[in-house]
Structures are given as structure tokens and as C-alpha cells.
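Colleague: Heads up: the sequence lines are chains X and R, in that order. The first sequence: position 46 = 51 (our numbering), numbered continuously. The second sequence: position 254 = 259 (our numbering), numbered continuously.
Using 30 angstroms as the maximum straight-line C-alpha spacing, the simulated DSS-like pairs for lysine-lysine come out as follows: (1) K38/R <-> K38/X; (2) K331/R <-> K38/R; (3) K331/X <-> K38/X; (4) K223/X <-> K223/R.
It is worth saying that the hints were derived from the structure and are not from the lab.
Number of protein chains: 2
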Amino acid sequence: MLYGHGDDTYRYDRIEVNFSSNVRYDLNLTGLKRHLAHALDRVGDYPEPDAGSLATALEERYGSSQGTVCVTNGATEAFYLTAAAFRGAVSLIPVPSFSEYYDACRLNGHTLRLTDREPQLLTESDLAGVGLVWLCSPNNPDGRVFPFESLLRLLLAHPRTVFVLDQCYEDFTRERVLTAREAERLGNVALVRSMTKQYGLAGLRLGCLAAAPSLCRKIAAGRMPWSVNRLALEAGRYVLSHPEEFASGPEALLENARLLREGLAAVDGITVRPSDCHFQLAVLREGTAAGLKEYLAEEHGLLIRDASNFRGLDRRHFRIAARSQKENERLIQAIRQWTRHSIR
Amino acid sequence: MLYGHGDDTYRYDRIEVNFSSNVRYDLNLTGLKRHLAHALDRVGDYPEPDAGSLATALEERYGSSQGTVCVTNGATEAFYLTAAAFRGAVSLIPVPSFSEYYDACRLNGHTLRLTDREPQLLTESDLAGVGLVWLCSPNNPDGRVFPFESLLRLLLAHPRTVFVLDQCYEDFTRERVLTAREAERLGNVALVRSMTKQYGLAGLRLGCLAAAPSLCRKIAAGRMPWSVNRLALEAGRYVLSHPEEFASGPEALLENARLLREGLAAVDGITVRPSDCHFQLAVLREGTAAGLKEYLAEEHGLLIRDASNFRGLDRRHFRIAARSQKENERLIQAIRQWTRHSIR
Chain X
6 MLYGHGDDTY RYDRIEVNFS SNVRYDLNLT GLKRHLAHAL DRVGDYPEPD
56 AGSLATALEE RYGSSQGTVC VTNGATEAFY LTAAAFRGAV SLIPVPSFSE
106 YYDACRLNGH TLRLTDREPQ LLTESDLAGV GLVWLCSPNN PDGRVFPFES
156 LLRLLLAHPR TVFVLDQCYE DFTRERVLTA REAERLGNVA LVRSMTKQYG
206 LAGLRLGCLA AAPSLCRKIA AGRMPWSVNR LALEAGRYVL SHPEEFASGP
256 EALLENARLL REGLAAVDGI TVRPSDCHFQ LAVLREGTAA GLKEYLAEEH
306 GLLIRDASNF RGLDRRHFRI AARSQKENER LIQAIRQWTR HSIR
Chain R
6 MLYGHGDDTY RYDRIEVNFS SNVRYDLNLT GLKRHLAHAL DRVGDYPEPD
56 AGSLATALEE RYGSSQGTVC VTNGATEAFY LTAAAFRGAV SLIPVPSFSE
106 YYDACRLNGH TLRLTDREPQ LLTESDLAGV GLVWLCSPNN PDGRVFPFES
156 LLRLLLAHPR TVFVLDQCYE DFTRERVLTA REAERLGNVA LVRSMTKQYG
206 LAGLRLGCLA AAPSLCRKIA AGRMPWSVNR LALEAGRYVL SHPEEFASGP
256 EALLENARLL REGLAAVDGI TVRPSDCHFQ LAVLREGTAA GLKEYLAEEH
306 GLLIRDASNF RGLDRRHFRI AARSQKENER LIQAIRQWTR HSIR
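Could you put together the complete structure from these sequences and hints?
Modeller: Below is the structure:
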């Protein structure tokens, strides 16, 4: 387990604004929270062991077949189950990306190949002998989306390779991403989705995996019962049955992100990477992300993600997720202050 | 994953009283529930990845050393992590007992030996070549506690065998059980505890494992981050910091259980097994537990545990956990009605 993930609010006393976590912050969760408060009355009862009813509801929502969805304890459980189902495989992981692919593979005896080649530039020789490829789109930490046509070409060209496709941030982009039905039809894709990031429920832990029935069955076979808690299941049910409350798209957030990138890019000593979603990587010309993070937390109550522990990045990198324009402006000002004092 | 665990209230429309789940029903959870309702405000933040602060708080409570407690997603995760840490081991499981030991071992390539010998009668030859022994005390499904002196003798006689000791129901008995400090000192015991059964929180999923540091480290190495959700962690913290609210012992419940056993034993066609805690096994002379279960659920809104899928039991066995005297009396009457109609 990597120590140094984002969203480590628990380490600080007075974080006021959290830019370190890529969860959505701009939805009205009043009805959902009220429902969960009521659900606390039944929290003495066990959850459904395999979360089967929610899986069925998701299959209906996705328009995919029976036995193609497996509900998990956050997306993370989907990664660990998949790695376990292919114990000892050769796994290819483009970096930088989410560290848990690496850890899940290592725990399950995979032979690991890391590549810093962009996924759309992977070649035949990169994939030779590879059993699993781990892709993240939009990619954590840089927010880039795998161009859809290139993605399809790659998936179709290697029907005997399994592609774990992490689309946990798909609701935060306007770019075209893969659907559960497409994953089912392709047969060689384990599509992983988060059900919490979009709805501000990361603390409850709810994700799912969509794949063709045989692949889904193979991965789900390693599950323990009750891994998804009762409140997470209630949240999933509520979200599916109240679509009108969660209909707003990411447009406003993406516009905030664009302004945040512009504002930061204007700060001397900061370079901002392009992104297709609401979070992005930035690079310091001098100083360290760890130093900046401590300064922002202690002096301004703002939390960012020190991205130096992503493989392929270094101590100058940090990740930020856009929030309201006012909050973003506060972050830009605070970073500007830091660069003035620490960079000369 | 076994389909057919207890507490399957989600399968029925109108269960009024649940005797199928071994969770405590008689505590005042008002303060705890209020705390959790407040905690919903922070459910958008991730939980602490390794639940380390709660582990430290438990070590303090238990008076055990640092690095001896690992907090898990229910006790079930502790079983799966332990089986994974000893992949390919030879595991000995006395039956009948909790089915998840078997499933966790099978998933992790263990060679399985089942025995119907009572744990205290295990011999040298039973343990020859065995790496792990899975013990449950009080035992699910029969509620028997492993006599303490015999248990200690067994643990001390086999220092190179690892004993997984499931004490999830330790708060429901007056018999002497092993402490976390004793597990730490013995070195060969992975002591598994539930933090939800006692507090009526089974739906939240919170358990822990206590062992000597090297054993604890080995087992915890397989964990994924964030496996314990934020509300479960909040519940754990609340329970530890408000001991006065949960101070009442199991005495009243055990007295109810004694009366329930007496009452049931007086029903023609029912035999009740002895138990050291609040739940117990009963056996039908005629008919099946499945038939009785459906009758009680459909006609009376009462849920019992059909115990026929425990290895070593058959279709005549069912398990019930005592509740209030009034509720227990209602169960006895309903079972009596069933035996009158179905047994002739």
C-alpha cells in the first residue's frame, strides 16, 4: 500500500479547501444524504453478500447483458480482484498512472513492465507476451483521455490481451469514452468505474467493473462476501433511482479548470500540463511539491496532491482538481505567494 | 462466495424480527447513530488508506504493542488476508464452522483438511504437516466456546503452526477467551475480532486482527488501501471514545437465550444443542430447515438461519440468535405451530 495518496485531509487539522481529491464538489447531495441518514436505522443488518441487486440495476442502466457487472468496494477492489484473477501474468503499465495497478500486480506475482510511451503510441513489440494492459482514461494524474479511435484500434488489434480500462473519471470529461456495452462486446476489456467520485461519496467506497460475462465471472470469482457496505449499496440505489438530481454535466467544472490552468500558467515558475478533465498536473521550476504542499496546508488551509510519488514523475510535480472559481483563485494567489518567497 | 449466509433480510419483503443474524440488538445506539449522521457530511473525503489511527487506538485499548493490530473490512477481510498471506498452505478446519475460512483457503490454493473432531480433541497426528488451523470460539454455528486451558495447551504445543482464532462473538459469552495481548505474546495466533456485532453495525463492516508484529505485518501486507470505509472508521472511533454507552454485558441476553433453549426444547420434534453464547443450533426430527424458514418468514415475518449449508450439518439444522423474551416467545409459538402442521 502506497502511503502518500491524495486526499490526506486526515493528516491535517485545518484544511478548508481540498484540491487534492478528484471528486466532484458541485452537486446538491441533500436528498442523497437524507436517504443515507435514514438508512443508518438498518445498519445493523448485513449488506447483500455479492451486491447482486445493484449489479442488476447497473446492467439495466447500461443496457448491457446479465452477468456483465460486478459491484466492488471502490474501484480499488476491482483492480485487486482483476490482478488476482490473472495471478502471475505479464502486466504492462504506462506511467505515470494510478499507483494501485502496480501494487495490485506486485501482490499477485505479476511480471511488471512499465513504459513511459503514451498509450496511443504502444507498438506490437510493447505488447508482445503481455497478458494484461492497465489503462487509465482520463488518466490519473494528468487528466488526459485516450483518443477514442486509437483506443478502439488498440483493443481490437489484441483480442487475446486483457485491457483493464480505468474510467473512474469518465464523468469529468466531454471526450468520448468506452461504454459498458462496448466493453461487453469487445470481450477483452475490464472496464472499471467509480460510483462515488461523481457523487461526492468517496468515503463510502463504491465502484464497479463491466466486462463480457466470462471475464466478469473470472474476476468476480475472487470476491469475499459483504465487501461493499450497506450504506454504499443504499447510495448506489438512490443515485440510480434519482437521475434528475445528478443530471448536471461537468461543463461548468471544466470551464473552472480551464481558468485555473490559465491563472496558474501565468504564475512565474509554474508550468501546467494540458488536461481533458477537471484535474491537472503542474510542475515547479524550483522548489519541491512537498514544500509547496506543506506551505499551502499550514498557511492557507489548502490541500494539493504532491505527485512526486507517481512513477515517471519527480519531486517538482503536483496535481490539483478544479473547484469553484473563487476557491481556484484563492489557490492561485497562495501559490503565487509561495513562488515569490521561495524562488529567487 | 457462499450464497445462503444468515441475515438475508434483503430477500424478504416483510421480516419483522431477525433471529438469523448473531448481532447484538439490545444496545442504545442513539448517540452513535447521531454521530454517524453528522459524519455523512464528510463522506466525500477518502478514508484513511490503512485505517492506521484506529489500529493505534485499538492497540492502546488492548494494552498491546505497536504494530499488532490491523483494522479490516469486517472480520471477513481478516480471513481472506490471512489465507492470502499463507498461499498454498495446508489448512485444517474443524467443522461445522463459518464457511468463509473454507472459501478463503480454497481461493488461495490451500490444501484443505476438514475434521469433525472437536477442537479440544485434536491430536498430534491431526496437526502433522498443517500450517494453519482455523478455530472459531464461540463457534459459529453452535455457540460453543473452546475451553480456555485446552486452547492454551494446543497453541503452546504447536509454536510453528499458525492458529487463526475467530473470536467475533467473544462479547456474547461469559466464558474465558484469549486477549489481544495473549495473542501477541504467543506469536502464533492471528486473533480476529468483529467491531460491529457487539454494536449493531454489521452493515458498516468493521473488524480487526491482532497478532505479534511479524505475523500482523505479514498478513497486512496484502491489504488494498481504503478497504474500510469512512463511516465504519467513524463508528470505531466513537465506540472507543464512549465506552460508557456500551458497557452493559451479555448477561440479560444470555438469560434470554437460556429460556429460548428451554422453550424450544419443550416443542415436540425439536432438539436444541448446548451453547455458551446467545445463539444456538437446533435440529428438526422431521421436515427441513428450509421449509421451516420459509414458513416463518412468509407466515410470521420471522427470519431464522437455515444451517443446512454448513459443512458437517444437514438439512434438518437451523440456527437462531436470542432476542427479547417477548420476541423469543413469538418464535417458539410459531415453530410449535409449524411442527403441529407439518409433523404427524
